[in-house]
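Trainee: Okay, here's what each chain looks like letter by letter:
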Amino acid sequence: MRYVAARFCRMAILIFFAVFTFGPVVFLAGGSIMGDAEVKSYLGPVLSGQEGYAMWRLLPLYPTLRHLVEVLFDAPEFFHMFWNTAKITAGILLGQVVFAVPAAWGLARYRFRGKKLIYQIYILLMMMPFQVMMLSEYLVLDGLELLDTLWAVIWPGVFSTFSVFIMYRFFSGIPEDIMEAARVDGAGEWQMFLRVGVPLGKTGIVSALLLQFLECFSMIEQPIAYLKDKTLYPLSMYLPEIDAGRTGFALCASLIALLPTLFLFMAGSDYLEQGIAASAIKE
Amino acid sequence: MKKKHTGILFVLPHFLGVCIFLFLPFLDVVRRSVFRAAGSFCGLDNFKTVLANDAFRLAAGNTLRFTLVCLPLLLVLSLCLAVLVYGVGRAAGALKNAYLVPLAIPAACVVLIWRLLFDAHGMVNGVVTTLGGTAVDWMNTGSAFYVLVGSYIWKNLGYVVVLWMAAMDAIPGTVYEAARIDGAGRIASFFYITLPCIRPAAFTIVVVSFLNSFRVFREAYLVAGNYPHDSIYLLQHVFNNWFLDLSVDKMAAGAVLLSIVICAAVWMMQRMWEDQ
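Taken in order, these protein sequences are the chains called A and B. Read in order, the letters of the first sequence are residues 1 to 283 in the numbering used here. Read in order, the letters of the second sequence are residues 1 to 276 in the numbering used here.
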């Protein structure tokens with residue numbers, strides 16, 4: 001009996017926190033199929049200064065797809081900014097495949113002069129909050145005439161040292177025997193990287209890119225600092241700007257903006273978990 | 001591991017990019033911290049100005065307070081959850097995923113919910129008053145601080161639970177088995193096996209959580225803009241505002257101070273861990 005009670009308590013605590021973390025998604029899902037009138041009736045105290053306090057229903061009384069239709073077919077600015085986010089994300093991920101994957105491989109599998117120094121520089125840069133680098137990065141981007149273009153957000157993201165660090169962890173774990181075997185079979189260094197490193201370090205590459213993808217969709221600091229032209233803003237800058245009168249629309253837009261990351265999260269949660277573990281736990 | 005120049009060829013393109021976009025800018029910040037905005041050398045004057053600056057002192061205090069409140073809270077809470085989830089068995093995967101969801105939610109998507117919840121006429125106050133409490137203007141009083149702590153916990157809880165669980169995964173099951181045969185209960189096992197075994201991992205977990213704490217600026221900025229309530233005016237706000245004013249000298253000195261503090265904090269934690 002005590003055992004059952006203990007199990008019940010444990011499950012109750014665990015589910016309480018699951019509701020705490022997962023709750024906002026449910027809130028958005030319900031809100032995006034709620035009509036304007038219903039939204040206003042619940043949120044009146046916040047939106048238009050009525051007496052009392054705002055309340056909420058998880059499932060609307062009168063569900064409607066109006067906002068969904070509006071976001072999908074009648075909000076060109078939403079799509080424009082979605083497209084900006086897509087371009088930024090594609091640019092950064094592609095850049096990391098080209099630059100960061102080989103770099104992590106080189107750092108993990110070879111010895112050369114200055115390697116230790118490079119590694120320490122990477123760790124140092126990884127620790128710095130964006131605000132420390134903001135000003136000088138701005139000046140560099142200005143010098144390269146990249147300010148106010150999407151490249152200003154893409155290039156610094158491509159060279160994020162965090163991704164290298166994650167992939168490094170996985171590449172280091174490949175047993176040397178496999179490398180030796182490949183060498184004996186006459187594989188060149190480049191082939192070793194492509195035929196041995198990439199397939200065996202796949203988990204590391206995917207999880208680093210996945211974490212980066214999530215980061216791209218929630219970028220705030222970089223666009224504020226490097227983009228003045230509002231037509232270049234990513235989605236993450238657009239959502240908070242929707243005015244209070246269009247709350248139902250805003251909830252629906254937030255939900256749709258959330259779908260790509262949520263989908264990828266569900267498809268790749270194992271990778272994500274391993275990537276997170278690699279960011280701190282040594283095997 | 002092979003000693004070959006090929007290694008550097010793999011690294012070089014990325015390293016060049018890092019130099020251009022991150023490392024040289026970083027060195028440039030260090031250089032600028034000892035020069036006036038106009039260009040003449042001024043020794044430590046910029047640092048004195050920054051340290052005497054009211055906004056900077058307020059923000060530094062807040063950032064420190066924020067870190068000291070939310071780090072222990074997050075670490076202990078997530079460790080407890082990790083231990084609980086660990087014993088659940090089949091449902092563990094689903095629970096872990098539920099805790100990780102906030103990681104996949106862009107800050108911008110929840111800002112609206114935050115506003116609706118913590119407005120003076122918001123839902124949280126609705127619940128509070130129904131339960132017989134008095135309403136609080138969450139974002140415009142000192143309570144804003146706790147809203148921010150809550151957002152940080154919300155965002156990072158799953159991340160750290162996964163980290164603790166990964167650390168616990170590395171403990172061989174045979175150790176627990178042996179302890180059980182020797183008559184150790186669950187609680188004894190936790191204190192004498194689990195805790196000592198995850199201590200090395202705890203160092204990196206603390207560091208990662210500490211570094212992630214700087215990202216809470218996103219939520220703070222989106223909910224309350226450039227000038228939030230005094231209690232959540234963080235260093236990141238100061239930097240952002242100096243950036244908008246183009247206060248190059250102050251910003252450089254502030255950035256150098258912050259990076260020194262971060263490095264020192266990480267170094268100190270490392271020392272503490274090695275000493276024990």
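A couple of the hints might just be wrong.
[Unchecked claim] Rough simulated footprint, nothing fancy, chain B against chain A, three-plus residues with beta-carbon under 8 Å: (1) 61-75; (2) 148-160; (3) 194-205; (4) 230-239; (5) 271-278.
[What the hints assert, rightly or not] Computed list of chain A residues with no C-beta within reach of chain B, every gap over 12 Å: (6) V4; (7) G23; (8) F79; (9) K87.
In short, the hints are calculated from the structure, not lab data. Glycine residues also receive a C-beta, built at the ideal position from the N, C-alpha and C atoms.
Trainee: Any of the earlier hints contradicted here, and which numbers?
Mentor: 1, 3, 7
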